[in-house]
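Given chain A, put chain B in place with the hints provided.
Same order as they appear, the protein sequences are chains A and B. The first sequence begins at 9 in the numbering used here and counts up by one. The second sequence begins at 29 in the numbering used here and counts up by one.
Honestly, the hints are just simulated from the structure, not real lab data. You can trust all of the hints, since none of them are fake.
Partial list, computed: chain B residues near chain A (C-beta under 7 Å):
#1 Leu93
#2 Ala126
#3 Leu127
#4 Arg130
#5 Phe139
What the simulated footprint calls covered on chain A by chain B, stretch by stretch (three residues with Cβ under 8 Å from a Cβ of chain B suffice, anywhere in the stretch; the number is not a length):
#6 457 to 466
#7 472 to 485
Some, not all, of what chain A presents toward chain B, calculated at C-beta under 10 Å:
#8 Arg213
#9 Val384
#10 Val393
#11 Thr396
#12 Glu623
#13 Leu627
We put the CB at the ideal spot given by N, CA and C, even for glycine.
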Amino acid sequence: MSEQAREGARERSGSGDRGRLLWAFLWLRWRTLANSLGGRSRRTLDARIQAWVEMLIKVLLGLVLGVGAVGLAIGAVFAAPALEAGGKGRVVVLFVLRGGLGFLLVSLSFFSVFQAARGGGTRMTRLLLLPVSLRRLHGLELAASLADPWLLFAVPGLMLLTGLVAVLRPAGALAALLALVLFFALLATFATTLAFAVQLVFRNRRRAEWVALVAFILFMTLTFVPVLLDEHGGKRAREAPTEAPPAAETTAKQTEKESPEGGERQAAERSGDAGESGEAEEAAETFPIWLVPLPSEAFTLTLARASGPQPAVGSRAGAWIGVGILVLELLLLYRLSLVLWRRLLANPEASSGPRRTEAGSLPSLTLPGLSPVATVVAWAQLRAVWRTLQGRLALVMPTLTLVVLAFVFRPGGAVGSSKVGSAMGPATVAALLALGAVALALLGQQAILLNQHGIDDSGLSLTLLGPLSSQDLVLGKAVAGAVSTLVSLLPALLVVAVFHWRAPPLLWPAALLAAVATYALFAPVAAWVSVVLPKAVDLGQIGKKGQAHQGAAMVGMLSLGVVILPVAGMGLVALAVWKSPWLLLVSQAFLAVVCCLVAFPLLHLAGGLLDRRREALFLTVAERE
Amino acid sequence: MSHPLPSPEEPTGLALETRGLTRTFGDFTAVDGIDLRVPAGSFYGFLGPNGAGKSTTIKCLTGLLRPTRGEMRILGLDPLAEPVAVKRRLGVVPEDLALFGRLTGMENLSFVARVHGLPREVFDQRAGELLELMQLGDAAGTLVADYSHGMRKKLSLAAAFLPSPRLLFLDEPFEGIDAVSSRQIKRLLQSFAHRGGTVFLTSHVLEIVERLADHVGIIHRGRLVTQGAMDDLRAGSGEGRTLEEIFLDVVGAGTVDDGGLEWLGG
Chain A
9 MSEQAREGAR ERSGSGDRGR LLWAFLWLRW RTLANSLGGR SRRTLDARIQ
59 AWVEMLIKVL LGLVLGVGAV GLAIGAVFAA PALEAGGKGR VVVLFVLRGG
109 LGFLLVSLSF FSVFQAARGG GTRMTRLLLL PVSLRRLHGL ELAASLADPW
159 LLFAVPGLML LTGLVAVLRP AGALAALLAL VLFFALLATF ATTLAFAVQL
209 VFRNRRRAEW VALVAFILFM TLTFVPVLLD EHGGKRAREA PTEAPPAAET
259 TAKQTEKESP EGGERQAAER SGDAGESGEA EEAAETFPIW LVPLPSEAFT
309 LTLARASGPQ PAVGSRAGAW IGVGILVLEL LLLYRLSLVL WRRLLANPEA
359 SSGPRRTEAG SLPSLTLPGL SPVATVVAWA QLRAVWRTLQ GRLALVMPTL
409 TLVVLAFVFR PGGAVGSSKV GSAMGPATVA ALLALGAVAL ALLGQQAILL
459 NQHGIDDSGL SLTLLGPLSS QDLVLGKAVA GAVSTLVSLL PALLVVAVFH
509 WRAPPLLWPA ALLAAVATYA LFAPVAAWVS VVLPKAVDLG QIGKKGQAHQ
559 GAAMVGMLSL GVVILPVAGM GLVALAVWKS PWLLLVSQAF LAVVCCLVAF
609 PLLHLAGGLL DRRREALFLT VAERE
Chain B
29 MSHPLPSPEE PTGLALETRG LTRTFGDFTA VDGIDLRVPA GSFYGFLGPN
79 GAGKSTTIKC LTGLLRPTRG EMRILGLDPL AEPVAVKRRL GVVPEDLALF
129 GRLTGMENLS FVARVHGLPR EVFDQRAGEL LELMQLGDAA GTLVADYSHG
179 MRKKLSLAAA FLPSPRLLFL DEPFEGIDAV SSRQIKRLLQ SFAHRGGTVF
229 LTSHVLEIVE RLADHVGIIH RGRLVTQGAM DDLRAGSGEG RTLEEIFLDV
279 VGAGTVDDGG LEWLGG
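Only chain B is shown next, with the shape it has when bound in the complex:
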């Protein structure tokens, strides 16, 4: 039986907490009663195979989808009751990257800044630094419709960082990004977490999550199958095991043994 979430006045040390979060589409249950606990200031890696429900979970948490059942508490607030107040504190890189194709990169950033009420001089300074970091300075005046996928991803990341959020939701942030930018973004995310910000990140690249995340949750077929601090997870699953091995154990992935697909490469 699930207990109600504590009120905002009760400090829990959690940036994000859900209880029985469920989302269905007709007969299909995409997210099935998950209880997430993301400590404030943590770097939380949210893993799962394709179609496990990672993106749907992020959409529910960021207000793009309404949960069918369950409770959520983000930074001590109920996002369903106070959506605008919660969104003021969030930065999101969603699956579809959330950018106006017919606006330039700079105009997209300017839209985000003004919706968040950033003063002009603050925007100018932050936008300049972010565009330089993402190596998008030359493309700032180009329509996003003419951007490559990697450029869009970087701009979406810049838009998420711009209002200096307290909690970042990043859905596959490194997919399609070059090595140089990827390294800089990783450093930026780590320093963001060290300064007290919280990162909630999904990725298929387990090495990235293993290197960056201090907490991990694994979702499989809509259910949260394991969750906890990375060190605890490693300690509980045997000496010297990698995240990949833990992940494969948890989701029960099949393996291709030497006898399979003999015709391949013959």
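For reference, chain A alone in the conformation it holds in the complex:
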């Protein structure tokens, strides 16, 4: 057979082609995963150690997933008969199934979004060059996503459970098996659609960073909700103390239990337990209409209605309702994913275009006490960092957190007027909040302060190629960090001042002096750590790619705890023991001067270290290139 004839036959053979392409896509996914385990050759020992640790974590995760999948399969062997037998066993299985599948859905969504946001999606340009139609490429993407490790983790257990249910109750077998296939197809389509949507949003750098910023702030704000609700609940409880059962009543109940009449009553309560069991069964079998659209609920509904003693709660028709929902959702999601896919491929490198601003240069103002070269290093860092996602987060997060803390600990609030709050006094509470603001401002800057050179990307080469000394570089970076910390601290302190406006006015300048003292001690540590444990990062990202070296982060946390001790100790003595705001101010001023005097020689030493580590810093950035 000639080559042309073979080519023609290959073009005609539709199913063979599909299988070959599907295999190629599956292989691509697994090869990428395997290569990421091996990692590429690293030049420095530190980079190699980090790569090994990452590989170890991935291997452990794989092991956990593998063992978990086997465990689930074993569990399914016991769960299927329990589901069929009814009673408490069925209740437990249904609750576990609903919870577990719900968790799987959330995990899958989270990882799809996270991976797509990190740029782990398909390389669209490469796909466009393949001699495959768009629709087929889309189908292959969906099919290949079935090989997602999170999905594979659940496959053996669910297949075994559904298979056994089908064997034990043939009447519902068809619906159960169909639901299983649809459920997995739906999960894969759902994850892929989410990934496509995120890729569409994130293909524009600026849009991606703003979306991530807003999402992160929203997420953080939501984590405060329980605290606020708790505070609100506490306040209500304080305002209505009579609603609580009096202690005398509780004692009476205890006495009653011990009497013979009490025994009879307990028997009646036991029959109530049976009622509770019935309620649990009813709850397990009830699928609220607002929850059923969730694929996990629709699948469990089908499985619940296709199994169990006859007549089950509800009818067998319920099983087909679940199947219907799954079919409908699959069709809708497939359509949506196809639309998103076409939009992605229509313009794979799309962007809204560069935003042009007035072509201003860096400020020419030389900061007092700094050389012009160190000043320009500081300006460059400030401008560059404040344009990143993490830089912006570092500016706003302390204020957001302090809004919640200052509200919760406000005078007259539940916590502020509690025994502890009253014992400390409003001035001490305000001082502690101000100290918290200082700590949070420094904490927010950790990714920047502890990795001052790794955040510059190829700007580090520009810096290293320039005629500037290491001392200028270290000093400039330290001043930039100080300005950034101060800018994030000031609004946070203002928030505390608004909620605690009756606190001694001297507290606020004392807080600023405390910040100066703390930063002066922390800056040399950060300078040293940045030079010893650099990591090339992108501050436009929130995940691991945007974080400082793990070792640096650990040293930073410990150091922060230590350097804040002097200001905290002296502040407490001045306010809680001597109750003198003046003493507070003077002590913090004294500390600020001493710490600055200590900081300068330490920063000078850090400059010396940087001189010796210039090449290591350059290679760290080059490693990422």
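Using the frame of chain A, we list chain B on its own:
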């Protein structure tokens, strides 16, 4: 046996000289004892196949990497002993282009100008001219992160020219640059060399080097296999030979004869 380099007081007429320059990464020797001699005011083309050690050599010469062994003298100064003084006289376009992604084009230039201590009015004038030459005037206020590769390359070139250096190190400067800008940059480099500046340039495009360079060095597997004036090189290798032919001879490149890859284009 290598002799020590002359002291800075001894005029050699060389802008750049190395003796036994070596750089290793673990067991791998990227640059293996090269002796470069770049005359002042020359246009030196530094050639070699991929992975030959060109970029590593430039990184050693510009202070980004420390040589494992060997000596260097740049504009009469020892870059290891006086790095800041040497860097004041250099302009560099390195492999990674050395730009802050989160600064605008103008801010990057302003950073370079202020690190080199240029007065404000000098900076304004030079930056304006360079941006116009590189056709980046409209993009001066755009973040470098939003630049295309060609725009970054042009900005990196502008940053290298800005402090008016005496010696330029350019690693693949024309890669990704459009024909119009490329022509203007070539003219600029030629006039820079005519005025006494020295250009040390690497490129894969041999035609560019042949047209611009008056001196050539060829590195292969970390070793400098040949070096000298272009005319001498041509004269020594036979009548009418192109740089490409000389290069292929020197690096011993294999050829694809007519019998190879029959399936291609069949």
